[in-house]
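Student: Residue numbers (my numbering), protein chains in the order written: chain D, 58 to 340; chain W, 296 to 562.
The reader is advised that the hints may include incorrect statements.
Taking lysine-lysine pairs in the PhoX-like style, the calculated list, with each CA pair at most 20 Å apart, reads [what the hints assert, rightly or not]:
| id | chain 1 | residue 1 | chain 2 | residue 2 |
| --- | --- | --- | --- | --- |
| 1 | D | K180 | D | K194 |
| 2 | D | K320 | D | K336 |
| 3 | W | K476 | D | K166 |
| 4 | D | K246 | D | K216 |
| 5 | D | K166 | W | K495 |
| 6 | D | K115 | D | K134 |
| 7 | D | K131 | D | K166 |
| 8 | D | K216 | W | K476 |
| 9 | W | K495 | D | K134 |
| 10 | D | K131 | W | K476 |
| 11 | D | K115 | W | K476 |
| 12 | D | K158 | D | K216 |
| 13 | D | K158 | W | K360 |
| 14 | D | K131 | D | K180 |
| 15 | W | K476 | D | K134 |
| 16 | D | K216 | D | K166 |
| 17 | D | K311 | D | K336 |
Derived by calculation from the structure, the hints in this document are not laboratory data. Just so we're clear, the structure is a prediction, and the values are computed from it rather than from any experiment.
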Amino acid sequence: MSIIAENLTYIYMPGTPFERAALRDINLKIDEGEFVGIIGHTGSGKSTLIQHFNGLLKPTEGRVVINGMDTTGKELKELRRLVGIVFQYPEHQLFEETVYKDIAFGLRKQDLTEEEAREEILKAVEVVGLNEDILEKSPFELSGGQKRRVAIAGVLVMKPSILILDEPTAGLDPRGRDEIFGFITRIHKEMGITVILVSHSMEDIARLVDRVIVMNEGTIEMDGRIEEVFADIGRLESIGLSAPQVAYLMKRLKTICPGINEKVYTVSAARDELLKHLKGKGA
Amino acid sequence: MINTSITIGQYIPGDSIIHRADPRTKILLSIAFMVVIFLVNSFWTFTAMALFVLLTVIISGVPVKYTLRGLKPIMFIIIFTAVINIFTTGGTPISQTVPFKYITWEGIILALRLAIRLALIIISGSLLTFTTTPILLTDGIEKLLSPFRKIGLPAHELAMMMSIALRFIPTLLEETDKIMKAQAARGADFDTGNLIQRAKSFVPVLVPLFVSAFRRADELATAMEARCYRGGTGRTRLRSLEFTDADVRIAVVTFIFFTGLLLLEYL
Ligand SMILES: Nc1ncnc2c1ncn2[C@@H]1O[C@H](COP(=O)(O)OP(=O)(O)O)[C@@H](O)[C@H]1O
Ligand SMILES: [Mg+2]
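All chains should be modelled from the sequences, with the hints used to inform the complete structure.
Tutor: Structure representation (structure tokens):
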């Protein structure tokens, strides 16, 4: 289940005064089971890029191949089932009378019996950490965080092999954010599906993903493992981004005690590193 | 995904003399244009009017191709009325054989005239919105309507409603696009099936769209009240409209041109 983009260019509204190249000559390959983060400024083309992965947008130039299927081909239905996209503010897409029916929307096109569908829906609801008795409520009477989880369940219920989330925690409080990241990590680990996470937050990216793709003005600026990308703070800053805050702290601390390893990018790793250092000193 | 051919109501930034002219000038001249286009009849005056529109578009700097795009959504109406005209106008048939004996020369000419009139009106109307920001446009309308306040016309409220509507057309189009994509990602299919199935497939788009429109309306109302908006009475403006010599030049040229055409036509 791999994603390949070759010389992908995408232009919005070609032939009008509003013409705009949102992606320019993108080349990338994402393998099965990877957990990839995409970061970049607003307008750098992150959302445009991910919409190519299930054929919602077709390349203006170049091509996108998902698991051997070209997205301009005929297997669009299959493609949409394999690749689940959770859009930014997905709660805005809820429309049914009950949560149950809304989550079931994605299953309608699949040949499932009532029983099988029910089972899938219950599973999806459990994965996102919601209670079963929410199913008969109207989605419009839920809290913001609950709505969002219902919307994510509506994508998970189709059992995608590739799950793409566009800023899934935007506008949530820290607790809601941690819960959502919690089950995303769990899905990735337990079901082994490919996860692509678009995010603004360096902290979240550093904590969750293995590989990060940095986008800038429609091109891929950097692509590599977390340690590689965040080690090059200068380059990140030159395009207006930054490394996780803890990286700056560790850099400063290193000037005081040169013995520590400053190449850590999460708070928990930094704590471990500092404790190790302090213990080493005490002994 | 969504139709990008809906161009009317879109503002295209620019610095042409037409952009700079006062919205009232542009509105009044557009109305004058509509009147004149229904008063002229001959081939040459039509050609002159078409060239006039073309020239205005070129001066405004808006790509000609882009103005023609605005015709796409109403192509159906133009063709439909043309066809009706062709078959229902009495006169000399173009031939005596069966399909053609229902078609008259008069009908064809009438249909052509109507099609050209509609097309030119749409183009000039979209040019008005291409070169005028929605705010200026509604300011202009409000100013033009304000004499009628005396007879109870709510000029300010009308203008405010219009400016809000114009402001939200692009937002709602964008929102529709987003929701359609989100539902398509969940397997919704808007393109196949019969008419009823297709209409039904829009329920998952329309419900969230209405929900969000109501939410936006609510937020806007709160924001306006928070800034002490309470209707038009006693309201002053940050920038008041003023006629400049650009307006004088445009008005004089257009006026001479229209009068000349009408004289040619009717003398
Ligand atoms: N539907 C659209 N129509 C026209 N331009 C768009 C559309 N969506 C995005 N863009 C433009 O494409 C560029 C990339 O946008 P996007 O992919 O949304 O970036 P990001 O998700 O990184 O913020 C931006 O300049 C944006 O203005
Ligand atoms: Mg985005």
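Student: Now tell me, hint by hint, if it's right for this structure.
Tutor: Hint-by-hint comparison with the structure:
Only pairs whose Cα atoms come within 20 Å are accepted, and K180(D) paired with K194(D) is accepted, the gap being roughly 17 Å. Taken as a hint, the K320(D) and K336(D) pair is honoured in the structure, with Cα atoms around 19 Å apart against an allowance of 20 Å. Our distance criterion of 20 Å between C-alpha atoms is met by K476(W) and K166(D), whose separation comes to about 16 Å. Of the supplied pair hints, the one linking K246(D) and K216(D) holds, its CA atoms being roughly 15 Å apart against a limit of 20 Å.
Restraint check for K166(D) and K495(W): satisfied, since their Cα atoms lie roughly 14 Å apart, inside the 20 Å limit. At roughly 15 Å between alpha-carbon atoms, K115(D) and K134(D) fall within 20 Å of each other, so this suggested pair holds. Restraint check: the Cα-Cα separation between K131(D) and K166(D) comes to about 16 Å, which is no more than 20 Å; the hinted pair holds. For a cut-off of 20 Å, the pair hint linking K216(D) to K476(W) stands: about 19 Å separates their Cα positions.
Restraint check for K495(W) and K134(D): satisfied, since their Cα atoms lie roughly 19 Å apart, inside the 20 Å limit. For the suggested pair K131(D) and K476(W), the alpha carbons sit about 18 Å apart, so the restraint of at most 20 Å is met. Using a Cα cut-off of 20 Å, the hinted pair K115(D) and K476(W) holds, with the two alpha carbons roughly 13 Å apart. The hinted pair formed by K158(D) and K216(D) meets the criterion: a straight-line CA distance of about 17 Å does not exceed 20 Å.
Between K158(D) and K360(W) the CA atoms are separated by roughly 46 Å; this puts the pair beyond 20 Å, and the hint is violated. With a CA separation close to 31 Å, the supplied pair K131(D) and K180(D) exceeds the 20 Å bound. For a cut-off of 20 Å, the pair hint linking K476(W) to K134(D) stands: about 14 Å separates their Cα positions. With a C-alpha separation of about 13 Å, the suggested pairing of K216(D) with K166(D) holds against the 20 Å cut-off.
Between K311(D) and K336(D) the alpha-carbon distance is near 16 Å, which keeps this suggested pair within the 20 Å criterion.
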